[in-house]
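Trainee: Reassemble the complex: the two chains are provided individually, in unrelated frames, and hints are given to aid placement.
Line order of the protein sequences matches chains A and B. Going by the working numbering, the final residue of the first sequence carries number 1337, and the count climbs one at a time with no gaps. Going by the working numbering, the final residue of the second sequence carries number 179, and the count climbs one at a time with no gaps.
Simulated from the structure, these hints should not be mistaken for laboratory data. Remember, predicted model here, so these are calculated numbers, not experimental data. Any given hint could turn out to be false.
Below, in silico cross-link-like pairs of lysine-lysine (BS3-like), each with a Cα-Cα straight-line distance of 30 angstroms or less [as the list claims (entries may be wrong)]:
id	chain 1	residue 1	chain 2	residue 2
1	A	Lys1266	B	Lys88
2	B	Lys88	B	Lys103
3	B	Lys56	B	Lys103
4	A	Lys1266	B	Lys103
5	B	Lys88	A	Lys1290
6	A	Lys1266	B	Lys40
7	B	Lys88	B	Lys56
8	B	Lys40	B	Lys127
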Amino acid sequence: MMRSWKPAAHGAWLALLLAAGALAVDTTVLPDPKLQERYEALTHELRCMQCMNNNIADSPVGLASDLRRDVQEQLLAGKSDDEIRASMVRRYGNVILFTPPVKDPSSFWVWLLPALAALGGLLIGVRVVRQRARLVAQDDSPVDAEEPRR
Amino acid sequence: MNRFILPVAVFLGLAALLYIGVRHSPGKNDMPSALIGKPAPAFELPVLGETSRKFSTHEFAGKPWVLNVWGTWCVACREEHEDLMKIAAQKRVPIVGLSYKDDDAAATDWLNQLGNPYTVVAVDKEGRTAINFGVYGAPETFLIDAAGLVQYRLAGPMTPEIWQREFLSRIGGGGPR
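In isolation and in its complexed conformation, chain B is listed as follows (with noise of 0.2 angstroms):
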């Protein structure tokens, strides 16, 4: 009896370590940003519309504001518009969007078409500001505090109970409710 002892332990040990992995697994939309905590990349570039304007991040300086990776290219930017929308329409922060990718005639007509949840867009047509927040799909979603940090990032669609539960609560009290 004693020799089936070990090897069953073993066993046992090696199924409960499987189990733990399988079930704890992080699928590719729950792995942390590398960015939280840290300061957000600082960006200027051309906005949507507008030939002549640049947005910077400086503008943004001293209060919470929120970047949203998005494309029309982008199913699940489809997806979470109308509760983009209806976040917009609470006007607590300002929503950044960033064009990632895309082509400026179809993200104008998307707007159009959807309407804009967004203060500004900003066009990263190569990608740069994207890689630059750790950005490896559409959409992505940041939080950035007063201090200029990125206290959260969602990445997949936003919906108005992750806006309650992660963004909101983490932005606090102040702004206009």
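The following block holds chain A by itself, in its conformation from the complex (with noise of 0.2 angstroms):
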């Protein structure tokens, strides 16, 4: 069973990548590998401001390439990734950037609110089962003698 499920999975996954390939939006190649990565990499943190929830590496629209060809000119001119990301933010401000600053005001609950609920959930969960623990160790009723009445 094992056999014959695998190689169909690599197949999905073979035609996904090439469907991916083949939509991909940009194909800017870079001279230097190293650019070619951080370009990646940023075009990837970047808010296509047109249509929110895409990054401007796969938003299809002008505006995305025209953000593009300036991470490539800026990249290419020698600019630190801080640095293009802090000219983003510059003109667009904080909301192009898919993670913002942690330490801004403005978007400082956003990386706390997850980290509270998270925590709540947890004392939440260690409440309900100590509760649960105390029941049945408070509980001295024989198992058994519910069980035939069912």
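Mentor: The structure is reproduced here in structure tokens:
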């Protein structure tokens, strides 16, 4: 069974990969593979302001290609990743970053709230488990006594 | 009874949070510009219809002016055009048009047919100047004050009400009535 399943899954992945390649919006290739890597990372973390939930690497709209060109030119001019991010924030604000800065008051809660929610959930979970454990410890009735009546 | 209080409180808290979030979520059209209170990016671009002339933002140094980003491909720009004509007729401030990623001939035709509200139209063929202004669509209209600082940015079509409320109030006194 496993044998027949695995190749099929590989086939599906391959098909997906090929499809993704065929749909790729951005086909820019920079001369230096290091720059290319940084280019791809940066374009994936910058928001396409026109189509809010896309990054500029995946968005086909004109503004995204303009911003990609801008990233590319800054990379070729020797700018650092932080300098490029800062230049984007200067023009579009923190909204353009998919991972806004933790220390900024406007985006601080975006980072804190999920952590608080997770912590709250954990505390509630611990409380419930403890209560249950106490219930079992207090329950002296024989388990078997209930069984026949079911 | 006691054991219901916490879950109910948590539920109500979450519901309130999500309700506020949904009601106040900024639409695409009211994201604040990052440039408010900052110097307007300087630019020098060719003037539409005058191949030998360039427009530079320095020409308006020391007085307030308005930058209107538009394109003939933009439906909402057509929508606001008549209002821009009326506003231009008031002659309160110069309105600079930024022909955003457009065909020059199409832009010229548009102004010939519908009227030209602009003091001058700068051609931003590649959208580089628009990016520097943080433009993410058209039309967008910026108010730049005498000190060269961006005072207001409108994303979306201009209306007489918005002009009165957001632009004229910030321009204040001075200039011909």
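Trainee: Could you run down the list of hints and mark each one as holding or not?
Mentor: Hint-by-hint comparison with the structure:
no.	hint	verdict
1	A:Lys1266 x B:Lys88	violated, 45 angstroms
2	B:Lys88 x B:Lys103	holds, 25 angstroms
3	B:Lys56 x B:Lys103	holds, 17 angstroms
4	A:Lys1266 x B:Lys103	holds, 26 angstroms
5	B:Lys88 x A:Lys1290	violated, 46 angstroms
6	A:Lys1266 x B:Lys40	holds, 23 angstroms
7	B:Lys88 x B:Lys56	holds, 26 angstroms
8	B:Lys40 x B:Lys127	holds, 25 angstroms
Hint compliance for this structure: hints 1 and 5 are not met, and every other hint is.
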